[in-house]
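Novice: The residues making up each chain are set out below.
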Amino acid sequence: MSANRAMRAANAQRLPSRFESIQVGLRSVPLSNRRSRPASVIVVTLLIGFIVVPLLSLQLNIATEQGVYELAGLKAQKKDLAITSQILGQQLDSLSSDQNLSSAATQLGMVSNTNPVFLRIADQRIFGHPKAATAADATHLGSNLVPNAAQNKHTRVANLLAQEAAVKAQIIATRKIAALKLSTETQLAQKSAGNLANAKRPAPVAVKVADGIPASPTN
Amino acid sequence: MKGLLPGNPDRRFRRVRGLAILAVVLILWRLVVYQVVDANQLKEDLQAKLSETRTLPAMRGKILDSKGRVLAKTVFEYDVNAAPDIVNPFVRLNGTTTVEVSIAQAAAEIAAILNIPAKVVLAKITGTSKYSNIMKKVDAERYRRLQALEIPWLFYDSLPRRIYPSGAVAGNLLGFVGVDGSALAGIERTMNSCLTGVDGKESYEKGVDGIKIPASVQTTQAARDGSDVVLSIDSDLQYYAQQVMAKYVRDERADWGSAVVVEVKTGKILAAAEAPTVDPNVFWKAKAEDRKSRIFQVTFEPGSTLKTVAAATAVDSGYATPSTKVRAPYRLKVTNQDWIQDSHVHPTEHLTLTGVLKESSNTGISLIAGQVPLATRFAYLKRFGLGERTAVNFEGESGGILGNYKSWDALTANNSMFGQGISVTPIQTAFFYQTVANQGLRLPPRLVMGCQGSDSKLVSTVVPQPTRVISKQAARSTVDMLEKVVEQGGIGRTAGVAGYRIAGKSGTAQIKDGDGYGSRYAISFIGMAPANDPEYVLAVTIYKPRTVSNSIGATPPFKAIMEQLLRMYRVPPSTTKSIKIATNW
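Here the protein sequences line up with chains A and B, keeping their order. In short: position in the first sequence from 1, add 2, done, that's the working numbering. In short: position in the second sequence from 1, add 287, done, that's the working numbering.
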């Protein structure tokens, strides 16, 4: 009871002055203009719905369509890559076939040593008697006698030999340059040796490379 | 028009309303017709127009060697076709400019890639037909180059093709498939259920541009590729063995030759080489008899290599030891009419059983092993695997001819001790020696290790239990005796490999020709290494050589393959010596 009374008192305080005369809990309320506000919200919502939903649907549809074309493109790409893989696989098969390796090894002058020697690490024992393979061993089997119609690539031994010669020439040239450089440096060092005792040795300078790690001053 | 004039709005309204109702009724009726009456027909018509059903082909599985190297696989090849009725000059985009390509130029470009004359191409693309095949089975590399030409009237059909990247390596074992992809021989056929996949199917609707309409897939059944077959074969060793056999079969002008390498303690067949052989890529180029696997399918009388079985039988059954003495004459009377003799004339020799094997004496083995009752000897032959197919169960495999000892005549009963009157396959002879090398335990030969699915799990083939044939001691004694054959034997010595203890036995077998024997031989040498603890057995057979008439022609290929085998498998040279056994007295 006391709670109801307190509530009524609170309501009485909040009500506008023109309702102050009303003392009972039930009262008539005029239909205010507030009814039109939810209606407009609904209409706007519906309108937005009618516009946005089809737009979203359209967007989704477009995205799906694009996805389908993208999928078709990717499938074509996959097919293309599968063909590439097949071509490379067959080339690899050919080059790594026993027939090709055997033939290339023979052309390169490689011979199989018929005197294998084994080292046993555990007790450091040697098994077998080392003996160099000779050219006579190379003629043991001769040419390839096991046909392979699937072989569509062959190792070009001439190319390998040319590459080997080029690498050798490069190594020789590099060594010559290094020797020449060493010789020049030695001469310079000998020339300046006389003045070295009186000369004040400059402090090494660290050369910075683009604000990174300082390059070695000896370089 | 009168009713529509102002002044009579009610009538006008009624008429308009009537027309509107009629229109609605008509529309509703058409709707009912479309949706209900003709619905199914219309749906079928639409599907026929737009739907597409295609097979998703399953790839046949690969055949792999013991190291995972591919011996057989499926790739795609392309049939190159043209539609002559639409063959015309066309425009090709060349960078930013366009170039017109004439028919003659296009034909020349195609011809250059396909390596055929341009006039041939030109003839094939001329006409009014809608289809003309220019070339079949073009590989992927040339297909791609043709595609790059962007010729609008060229069309391609992709077709699966079986290829064998190592060519004739293990060709007799692998078998081959026909042009329609059906397995015709060898492993391809016997393991067909493992290798074959299940084709899938996909139905969908497509737009006018041929692109699948999203969410239109009606039925999809994914293709299930075939599984891989894993073999026990080491393709490198197989290649080497085939090279050796091809050389010696050619040099000795023999009908054929075979070499079988067996891993003693597992029964795995590491190599099963034959010459002549077949390249499964072009199997039709090989003779029919060279397409099969003689190692499993051809039988012959083994000759003296079977003396090892007779000697092991005598030792195991307690009738002899390696030192058992015998006086071995050159000739020996077996029945009232029949004599047997040794391969060369000699005075009566005082041999031990070891000496009998070393000299390969027919009379000596008959006198010693002949003491063993025939029923017992026959039981041992059965236990060694004679007369029955091996567990490999290779397509068309033969079990050899053993018959029943009860129906043998006295001569056959005797001659069976040195390999006459009964016949075996090369794989059987290899496993007689595997038994001896493996302490008397015969293992089932293993060629197919199993079927390996996409999850890389190997489903092993079912392997029968090993068979105890002779005791460990008898097996060891037999190996000791065979070691003397290679150490001291005239022919055996030529099979020796420097630094290794080798044990083995030669065989020079006559070949049946009608009722008697012909002038050609089947020569063989079967051995094992290292003799102190055998790891590998090698059985070499050369059939009907024309430049040699005894097993001296079989030891060089044996030696060559054994050397390679020991080197490849890192078997260190022997550090022990054979035991001393007298060969004569």
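There may be inaccurate statements among the hints.
List of simulated lysine to any residue pairs, SDA-like, C-alpha gap at most 25 angstroms [as the list claims (entries may be wrong)]: (1) K417(B) to Q392(B); (2) K80(A) to I438(B); (3) K864(B) to I128(A); (4) K81(A) to P344(B); (5) K354(B) to S105(A); (6) K534(B) to T157(A); (7) K424(B) to I128(A).
Covered stretches of chain A (in silico footprint by chain B; criterion: 3 or more residues with CB under 8 angstroms from a CB of chain B, positions within the stretch not fixed) [said to hold, decoys possible]: (8) 126-132; (9) 149-156.
Bear in mind the hints are in silico, worked out from the structure with no lab data behind them. Glycine residues also receive a C-beta, built at the ideal position from the N, C-alpha and C atoms.
Novice: Check whether the Cα positions of K534(B) and T157(A) lie no farther apart than 25 angstroms.
Specialist: Roughly 24 angstroms between the alpha carbons, so the hint for K534(B) and T157(A) holds.
Novice: Does the region 149-156 of chain A contain three or more residues whose Cβ lies closer than 8 angstroms to a Cβ of chain B?
Specialist: holds (count 6)
Novice: For K81(A) and P344(B), compute the direct alpha-carbon distance and say whether it is at most 25 angstroms.
Specialist: Within the cut-off at roughly 14 angstroms; holds.
Novice: Tell me if chain B covers the region 126-132 of chain A under the three-residue, 8 angstroms CB rule, please?
Specialist: Our answer is that it holds, as 3 residues pass the Cβ test (under 8 angstroms) against chain B, meeting three.
Novice: Regarding the pair K864(B) and I128(A), is the alpha-carbon distance no greater than 25 angstroms?
Specialist: 17 angstroms, holds
Novice: For a C-alpha distance cap of 25 angstroms, please report whether K417(B) and Q392(B) respect it.
Specialist: OK: K417(B) and Q392(B) at ~21 angstroms, within 25 angstroms.
Novice: For K354(B) and S105(A), compute the direct alpha-carbon distance and say whether it is at most 25 angstroms.
Specialist: 22 angstroms, holds
Novice: Starting from K80(A), check that the Cα of I438(B) is at most 25 angstroms away, please.
Specialist: 22 angstroms, holds
Novice: So if I understand the rule, the pair passes when the alpha-carbon distance is 25 angstroms or less; does K424(B) with I128(A) pass?
Specialist: 55 angstroms, violated
Checked against the numbered hints listed earlier, the structure breaks hint 7 alone; every other hint is satisfied.
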